[in-house]
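K.L.:
Chains as they are written, first to last, in the numbering used here: chain A, 1 to 248; chain B, 1 to 305.
Please note: incorrect hints may appear among the correct ones.
[Unchecked claim] In silico DMTMM-like pairs for lysine to aspartate or glutamate, Cα to Cα no more than 20 Å straight-line:
(1) K110(A) to E81(A)
(2) K155(A) to D118(A)
(3) K198(A) to D227(A)
(4) K198(A) to E223(A)
(5) K102(B) to E204(B)
(6) K110(A) to E204(B)
(7) K155(A) to D9(A)
(8) K155(A) to D202(B)
(9) K102(B) to E16(A)
(10) K110(A) to D202(B)
(11) K155(A) to E33(A)
I should point out that these hints are in silico values taken from the structure, not numbers from a laboratory.
Chain residues, written in single-letter form:
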Amino acid sequence: MSDAALRVDDLEAGYEPGLPIVRGANLTVQPGEIVAILGPNGAGKSSLVKAVAGLVPITRGRVFVHGRDITRIPAHQMVFEGLAFVPQTENVFINLSVAENLELAASIVKARRQAALDPVYAMFPDLLRQRALPAGQLSGGQRQMLAVARALIAKPRLLILDEPSAGLSPLLVSQVFAKLREVRDTGITVLLVEQNVKSALALADRAAVLVEGRERIVGSSTELLQDERVAALYLGRHTGKQAVGGAG
Amino acid sequence: MLQILADGLVIGSIIALGAIGLSMTLSIVRFSNFSHGELLGWGAYLALVASTAFTAFSPAWAAPLGPFSFGWGLLLALLLSCGLTALLALSLDTVLFKRLRKQGSITLVIASFGAALALRNLLLFWQGGIPRYYSENLQIAVALVPRSVGGGLRVTPDQVFVFVLSLVTVTGLHLFLRHSTLGRSMRATALNPALARVTGIDPERILRATWLIGGVLAAVAGVFAGLTVQMRPTMGVDLLLPLFAAVILGGVGSIWGAVLGGFIVGLTESASVTLVGAEYRSAAAFAVLITILMLRPRGLFGERH
Chain A
1 MSDAALRVDD LEAGYEPGLP IVRGANLTVQ PGEIVAILGP NGAGKSSLVK
51 AVAGLVPITR GRVFVHGRDI TRIPAHQMVF EGLAFVPQTE NVFINLSVAE
101 NLELAASIVK ARRQAALDPV YAMFPDLLRQ RALPAGQLSG GQRQMLAVAR
151 ALIAKPRLLI LDEPSAGLSP LLVSQVFAKL REVRDTGITV LLVEQNVKSA
201 LALADRAAVL VEGRERIVGS STELLQDERV AALYLGRHTG KQAVGGAG
Chain B
1 MLQILADGLV IGSIIALGAI GLSMTLSIVR FSNFSHGELL GWGAYLALVA
51 STAFTAFSPA WAAPLGPFSF GWGLLLALLL SCGLTALLAL SLDTVLFKRL
101 RKQGSITLVI ASFGAALALR NLLLFWQGGI PRYYSENLQI AVALVPRSVG
151 GGLRVTPDQV FVFVLSLVTV TGLHLFLRHS TLGRSMRATA LNPALARVTG
201 IDPERILRAT WLIGGVLAAV AGVFAGLTVQ MRPTMGVDLL LPLFAAVILG
251 GVGSIWGAVL GGFIVGLTES ASVTLVGAEY RSAAAFAVLI TILMLRPRGL
301 FGERH
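Only chain A is shown next, with the shape it has when bound in the complex (with noise of 0.2 Å):
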C-alpha cells in the first residue's frame, strides 16, 4: 500500500468494451501536491480523472488514495473516500440556489450545516453575498467557484478538477488558481487536467503529460517548462528535436 494522496497503476479505462481512452496510465500525487495533468486533445487526461472519480469504466489497473483501493467504488460514495471531483462543464446545479447547492453537498456528507458552510464562504466571499441567487445566473468564473467550494463542503484530502480554467479569460483563470492555491494551502492535495499549458506549470508543482491514453512525460514544473518536448508540443518554441509521439 501506498502514502501517496493518489496512486494510479497501470490504468486502462474507457466508455465502451474494447475501446479503451485510457491506456496503461500511471501516476502518483503526493500529499499536499499540486499537480496538473498536460496534454493534447483526446489523449485522455478527462477520462483517467473522471475514471478515478467512478464515472468512466475501469477496465484495468487499480487506484489508491491514500493507501486505499477505490478501483471498483461508485462514483458517489468517493466523497465519502476523501475525494472530490470538479467535472469540467455543468459543474452546478443551475436549478438550485447558491446556497442550496452548497447545503445540497452539505447535508449528504451529513455535516452540521454551519459548521461546513462557514469555511466556504469565508474562502469565497462573493459566494456568501450571492447566496440566494440561482447558481445558473451566476458568471462563468463564479461557477467555477461555486463549483469548487461545493466540492470542499465534503472536507476531501483530494480535490481533482477537469479543467477548472475552461471558458474563463485570463483574469479568471489567475482567480481561480489563487484559490487552488489556498486550497492546497489548507493541506488539500491537488489534481488538475489543464489545457492552458503556462498557467498550470505556474501554478502545480508538478505536472504529467498524457499522450494517447498514458503518461509520456512526468516531472517538476521547473523541469517541464524547460523540456524541449513540452516545448514544442505546447509552447510553440521549436527546437528541432522530435516531440511524444502521437501528439496532436
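Got chain A; can you put chain B on it based on the hints?
P.N.:
Relative to chain A, chain B alone:
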C-alpha cells in the same frame, strides 16, 4: 361558463397528480413510462378492495363523513392503496426496468408498453370490466352560484374534496422537493445525474424514491378519478394521453408545470365537452398542446437539460 371552469379544475387536479409522477419518471429515470396510467387504475382498484374489506370489518367506517359520499373506510383504503401502488411501481422497476436500463430509453419505452398491457389485463381479469364505484350513495350537487350568474355553478362535496386535497398534496410535494435533502437530491439528479453522483448522491436511492412517490401520486389520482367519475380497468390508458399532454405542456421536470398543464388539459376537455361535444375532448386538448408547444417548445416551465 363557471361550471366548465369548476369541472375543468377537478379533472385537471386529477390529471395533474398523475402527470407529476410521469414527469418525475421522465426527468429522473429518463424514459416515457407508458405503464404509468395503469398505476392510477391499480391505485383506484386497490383502494376499492381495501375499502370493501375495511367496511366489512367495521360497518361504521362505511358511514359517510359529513357531506361526502365516503367514510373513514375509503380514507384508510386510500392510505393503504398509496403504499401498495408505490410498492407496485417499485416492483415494476426492480423486475423489469432496472434490468433494461443499460439498453437505453427506447427499450424501456417498449417494455413499458408491455407492462401496461400486462397490468391492465391483470386488473381486468381480477376485477372484471363492469364500471365500479366507491359508494352507492347518490350525491346531490350543491348550487354555489345561481344560473343567472355565468351560467351557474353546482359542485358536489366530493369534487371540492378532490380539488382541495390535490392542491394540498402538490404543495406538500413542492415543500418536500424544495427543502428536504432527498427532495433536493432528486431535483439535482433530474438536472445533472453525473454531477449528482460526484456530489455523493446515490442514483439508485433517487430512482427508488422517484418510483415510490410516483406510485403514491398515481394512487391518489386513481382514487380521485374513481371518486368523481367511476372505475374501469381501462381508466389508466384513458388517462394516459391527457397525462402526457399535461407533462409536455408544463415542461418535463417541472412540478408546477405539470399542475398547470393538468389544469389546462382539464379545462380544455371540460370546455370541449360543453361546446363541441365529448367525442372531440382529446382532440381539443391536443390542439391546445400543439399551439403552446409552437410558442414554447420546452413547455411552459421546462427546465434546461
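K.L.:
Take the hints in turn and mark each one as holding or not.
P.N.:
Hint by hint, here is what the structure shows:
Taking the CA atoms of K110(A) and E81(A), the gap is about 14 Å. The hint holds against a cut of 20 Å. For a cut-off of 20 Å, the pair hint linking K155(A) to D118(A) stands: about 13 Å separates their Cα positions. Annotation: proposed proximity of K198(A) to D227(A) holds, straight-line Cα distance about 13 Å (limit 20 Å). With a C-alpha separation of about 13 Å, the suggested pair K198(A) and E223(A) falls inside the 20 Å cut-off, and the hint holds.
Distance hint between K102(B) and E204(B) is fulfilled; the C-alpha atoms sit about 14 Å from each other, no more than 20 Å. Taken as a hint, the K110(A) and E204(B) pair is honoured in the structure, with Cα atoms around 19 Å apart against an allowance of 20 Å. Taken as a hint, the K155(A) and D9(A) pair is broken in the structure, with Cα atoms around 25 Å apart against an allowance of 20 Å. Of the pairs offered as hints, the one joining K155(A) and D202(B) holds, with about 19 Å between alpha carbons and a cut-off of 20 Å not exceeded.
As the CA atoms of K102(B) and E16(A) are separated by approximately 13 Å, the hinted pair is consistent with the 20 Å bound. For the suggested pair K110(A) and D202(B), the alpha carbons sit about 14 Å apart, so the restraint of at most 20 Å is met. Straight-line distance between C-alpha atoms of K155(A) and E33(A) comes to about 16 Å, which keeps the hinted pair within the 20 Å bound.
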